[in-house]
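Number of protein chains: 2
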Amino acid sequence: MTSKEPYTGAVCPVENDPQSRITLGHGGGGRLTRDLIETRIRPLLGNPFLNQEHDGAVLPNPGAPIAFTTDSYVVTPLFFPGGDIGTLAVYGTVNDLCMSGAIPKFLSLSLILQEGLEISTFESIMQSIKLSAKLANVQIVTGDTKVIEGQGDEAGMFITTSGIGITVFDPPPSPFRIAEGDLLVLNGDIGRHGTCILALRDGMEFETEIRSDCAPLTDQVQALYQSKYRINCMRDLTRGGLSAAVVELARSGGWDIELYEPEIPVLAAVQSACDLFGLDPLAVANEGRFIAFVDARDGERVSQVLAEQAPGAVRTIGRVIGPDKGGQVRLRNAYGGERILDLYSGEQLPRIC
Amino acid sequence: MTSKEPYTGAVCPVENDPQSRITLGHGGGGRLTRDLIETRIRPLLGNPFLNQEHDGAVLPNPGAPIAFTTDSYVVTPLFFPGGDIGTLAVYGTVNDLCMSGAIPKFLSLSLILQEGLEISTFESIMQSIKLSAKLANVQIVTGDTKVIEGQGDEAGMFITTSGIGITVFDPPPSPFRIAEGDLLVLNGDIGRHGTCILALRDGMEFETEIRSDCAPLTDQVQALYQSKYRINCMRDLTRGGLSAAVVELARSGGWDIELYEPEIPVLAAVQSACDLFGLDPLAVANEGRFIAFVDARDGERVSQVLAEQAPGAVRTIGRVIGPDKGGQVRLRNAYGGERILDLYSGEQLPRIC
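Protein chains in written order, with the working numbering: chain P, 4 to 356; chain U, 4 to 356.
Everything labelled a hint here was simulated from the structure, so no lab data went into it.
All values derive from a computational prediction rather than experimental measurement.
Hints are supplied without guarantee of correctness; some may be wrong.
As the list claims (entries may be wrong) - Here are the simulated DSSO-like pairs of lysine-lysine, each with C-alpha atoms no more than 30 Å apart in a straight line:
{"#": "1", "chain 1": "U", "residue 1": "K137", "chain 2": "P", "residue 2": "K108"}
{"#": "2", "chain 1": "P", "residue 1": "K137", "chain 2": "U", "residue 2": "K108"}
{"#": "3", "chain 1": "P", "residue 1": "K137", "chain 2": "P", "residue 2": "K231"}
{"#": "4", "chain 1": "U", "residue 1": "K133", "chain 2": "P", "residue 2": "K108"}
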């Protein structure tokens, strides 16, 4: 698995070489902090805004309403098939802006590093942030670095990204715009990110490697915007998966929603992993999947627009059926049976994103 | 020390009551996460933007260039005389926006909680965030909550705040606008925050309790803006203290700067603590102090404007003397001697903010 290479330590075999690991001094605001920024962050991420060398970035007048979001990423392990904590930190925040109906523009990057983190690992993740930001067409314009006590070879890092996007949908999609009859369009198969992390942690191998679906949604959402079809709400299916997203949205506006289980795509390897671990694929985290609530008249055409951009199978998986039960989500299986979906109490997996 | 009360556990004596502590499930995106947000965050911080119940907040068109900044706060202990991690997280980010020449408007709040954190501690900090945000006249409009493995009774939390402000200074103050002859005006005595934390960690008591200077700079900066005097650059004196701030700014533009040590106010208790711990008060972190680089003609009047707002002693502590040495900072003492200031290599104190 090439994406795990930075863990092998092959690049920096001298374990206690202070040059090869992050120390508390790198977070002290003195010369080590400046050197870390000047040699290992700014050359990769630099742009005119980041280079203002100030406490914050001054950005041009957006001339439109803006979307603003934040997420902390604490995933362990740091590297996984299909991505790493850096791709997650960029795409996760980019995707939240997309879901708000905005085109992502600017990110902030705040790092909490554990003492003892390999500098080669740090550099791999900075590279990954650079490439992800380029792919998602955003600039990292401001940041911060702190160092906390580590746990030796387990030393990791936490990343918080915040993002600013310029809203393009007018009015912006919102949970409060969901309406009776809306169709729920899903942009691909679900359950990959969560099962990928779990399989990796448990050292399980499946016939087909499960790769995280971690990806930016910018192109898909931009295509939806340009299509001018009526998108009432969008939500990405991260922690808690498809079921948490739909249950929360159903409750926001008090709308009952029906989901069709046979229409929800799940890869065979993901289903096997879920069976083994006793997980419900509907409740497993994704990092590149979302549902759009679409006016019924436009459902088919929205699916076509998405199918041109999305890498996976686009499906209409449900419908807003009315207000009778005040926000109930029913899952109908292939045999006509149904069950009520609810939020799981805790989580299936800690530190998954 | 009333600000330390949440540590005593008096409110939640039953140590293993799951209701009284944060669990990994609170970060899982399920029912526990929702309950934490709905019962312990939203009722305190709620406002129309936060209540959009979406992945991000949609904010009105700012109609002007915006400032954007981020900082992670990892201070330990969580509570200290004069503040706590919550006040720090609000004021620190608010102050960075002020230094960029902006009026702070919106904050995001991303929490990384350690499993085992007392819920009563969490609530105290949320209260503190609420009050600080009110005092600094900003709204918390979006957020995130994650939970990581804890360390039993040592369980703490990390907070990352990002902020958006509307720039009012035109052109905005910047390290690149510093000019020969500029006076350096300081808004109060230095070294409190760092020595306060260190004294607390070491259980030291001084005749006079050292309180952190943690405070929002909004009113002071707004008064400067309204005065229309020419402020070329502002910088708050956080990690690395006064000396790191001045050294970095001197290097940004290659300007030599002279500082007058007798003019730099240091409280007697702070000086005693520094003598005991072997610290240089000029390099100790502050959380409510800044320097303004002011056109020489306006120096006196800027001091007067600040003196009306600032709680401490306002002083002109130095001058930009020219480009000859390419960015050297000289500290002149009362006897005419001088020494060159440089960045310290690491840090004097880890996890100070």
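Against the structure, the hints come out as follows:
About 29 Å separates the Cα atoms of K137 (chain U) and K108 (chain P), which keeps this hinted pair within 30 Å; it holds. A hinted pair counts as satisfied when its Cα atoms are at most 30 Å apart, and K137 (chain P) with K108 (chain U) qualifies at roughly 29 Å. Restraint check: the Cα-Cα separation between K137 (chain P) and K231 (chain P) comes to about 26 Å, which is no more than 30 Å; the hinted pair holds. At most 30 Å may separate the alpha-carbon atoms for a hinted pair to count; K133 (chain U) and K108 (chain P) meet this at roughly 29 Å.
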